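A.B. asks: Line order of the protein sequences matches chains A and B. So the number in the numbering used here is just where the residue sits in the first sequence, counting from 1, plus 2. So the number in the numbering used here is just where the residue sits in the second sequence, counting from 1, plus 2.
Hints are computed from structural coordinates only; laboratory data are not their basis. Some clues are possibly wrong.
What the hints assert, rightly or not - Partial chain B-side listing against chain A, Cβ under 7 Å, derived:
#1 N60
#2 C72
#3 Y81
#4 A100
#5 H127
Claimed, not checked - Mimicking DSSO-like on lysine-lysine, the simulated pairs with C-alpha atoms at most 27 Å apart in a straight line are:
#6 B/K161 to B/K194
#7 A/K168 to B/K179
#8 B/K161 to B/K51
#9 B/K168 to A/K142
#10 A/K168 to B/K146
#11 B/K36 to A/K22
#12 B/K36 to B/K139
#13 B/K36 to B/K161
#14 A/K194 to A/K168
#15 B/K51 to A/K36
#16 B/K156 to A/K36
#17 A/K161 to B/K146
#18 B/K108 to B/K139
#19 B/K22 to A/K179
Stated by the list, open to error - Residues from chain A that face chain B, not an exhaustive set, calculated with beta carbons under 7 Å:
#20 H4
#21 I37
#22 A39
#23 P43
#24 N60
#25 N64
#26 C72
#27 P84
#28 N85
For clarity, every value in this text was computed on a predicted model and none was experimentally measured. Where is the CB? At the ideal position from N, CA and C, for every residue including glycine.
2 protein chains.
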Amino acid sequence: MHIPQAFDVDDSTNIQTFIKNNPFATLTSTIAHKIVATHLPIDCLQDGKYYGHFARNNPQANISPDEEVCIIFSGPHAYISPNMYVSDFNVPTWNYSAVHCYGNIKFIEDETRIWQLFQDIVARHEGEMGWQLPDEKHYKNMLKFIRLFEFEIKSIEAKFKWSQNKDNDDIIAVITKLKTSGFHEAAACMAKANDLSNPR
Amino acid sequence: MHIPQAFDVDDSTNIQTFIKNNPFATLTSTIAHKIVATHLPIDCLQDGKYYGHFARNNPQANISPDEEVCIIFSGPHAYISPNMYVSDFNVPTWNYSAVHCYGNIKFIEDETRIWQLFQDIVARHEGEMGWQLPDEKHYKNMLKFIRLFEFEIKSIEAKFKWSQNKDNDDIIAVITKLKTSGFHEAAACMAKANDLSNPR
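Taking the hints into account, I'd like the entire structure generated from these sequences.
C.D. replies: Below, the structure is given as structure tokens:
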């Protein structure tokens, strides 16, 4: 990913928090030189590892453990009009965060482990008071139709592009206008990326 | 993209409307067998063609016109808990829309045409009363740092996965719960994908 220095993120805690908050990812790989992609949740569980699953009849469910794949995590984004700044001579742009993780897919075949991992994945999304995976035949049969995998990350590129190259007055003006336009998530990302608790 | 029949979309008007409403895309290609991606707006202009631009120092700004790229358009998405249905024996899933467009990048080198196209792109995002691209040297100099391209689409895969394989009572229950949880855009996508003006 092309990442100008102002938008380059290398704080691993910051990146992991972003992934946990935006688990719905795009898993890209190539099949016969053609790029293919699946949209799916990738969950970081309490062991610190990343897990996902394919429908078994998805062609990507046969990815080799040796093949490098790229999983793209995206978050809130917003069009930024030059009218949103207080300064002059700006151009339209788009603000966003994106994390590209390169690594390998390791399918898990042990049924007991698969069942436990699915319980953990469900618990992560549902919370303590939510739906729980029933320990019964109907649900265990459904596992035949999916392939669970661990995603072993080898390298990460992270870009949080939230006008960090602009002056503080511009940043505050854009955040205010994002909020008044209803883009509250984008406004929050922009405030965090610019560390507005410590104004420049 | 793996697309079960219930979620397969081939209506070109429907797909084009989705792209126009969700122009912030992910352009994927390969460089030395590694998948790379840029997040950028792709705009369908009044000529019916699709345009985008790279920073000139983005490695993808040298994509060959013969190389097939995949541009991914994404829209609202939402986690769907089994608790959101009225029926039993459901599992957690994620609902979403995604359009994968395969085609070629044709860079535009004619300065007059580039200037006109940027005016059209700005007008599309800003509307009639918004910011206009000033016809002056400062802005024309900035064009040196970017490469504008037309994206010639050769094939499209479109998946709108909004529980179309469920009964009407379940669909209505999920839409209601998405709305009460604040997922209004996802609720609207789900209502449209299930054509709730003509209940089954």
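A.B. asks: Does each hint fit the structure? Answer for all of them.
C.D. replies: Structure-based check of all given hints:
no.: 1; hint: N60; verdict: holds (4 Å)
no.: 2; hint: C72; verdict: holds (4 Å)
no.: 3; hint: Y81; verdict: holds (6 Å)
no.: 4; hint: A100; verdict: holds (5 Å)
no.: 5; hint: H127; verdict: holds (6 Å)
no.: 6; hint: B/K161 to B/K194; verdict: holds (13 Å)
no.: 7; hint: A/K168 to B/K179; verdict: violated (40 Å)
no.: 8; hint: B/K161 to B/K51; verdict: holds (22 Å)
no.: 9; hint: B/K168 to A/K142; verdict: holds (21 Å)
no.: 10; hint: A/K168 to B/K146; verdict: holds (21 Å)
no.: 11; hint: B/K36 to A/K22; verdict: holds (25 Å)
no.: 12; hint: B/K36 to B/K139; verdict: violated (38 Å)
no.: 13; hint: B/K36 to B/K161; verdict: holds (25 Å)
no.: 14; hint: A/K194 to A/K168; verdict: holds (15 Å)
no.: 15; hint: B/K51 to A/K36; verdict: holds (23 Å)
no.: 16; hint: B/K156 to A/K36; verdict: holds (13 Å)
no.: 17; hint: A/K161 to B/K146; verdict: holds (23 Å)
no.: 18; hint: B/K108 to B/K139; verdict: holds (26 Å)
no.: 19; hint: B/K22 to A/K179; verdict: holds (23 Å)
no.: 20; hint: H4; verdict: holds (4 Å)
no.: 21; hint: I37; verdict: holds (4 Å)
no.: 22; hint: A39; verdict: holds (6 Å)
no.: 23; hint: P43; verdict: holds (6 Å)
no.: 24; hint: N60; verdict: holds (4 Å)
no.: 25; hint: N64; verdict: violated (11 Å)
no.: 26; hint: C72; verdict: holds (4 Å)
no.: 27; hint: P84; verdict: holds (5 Å)
no.: 28; hint: N85; verdict: holds (5 Å)
Checked against the numbered hints given earlier, this structure breaks hints 7, 12, 25; the rest are met.
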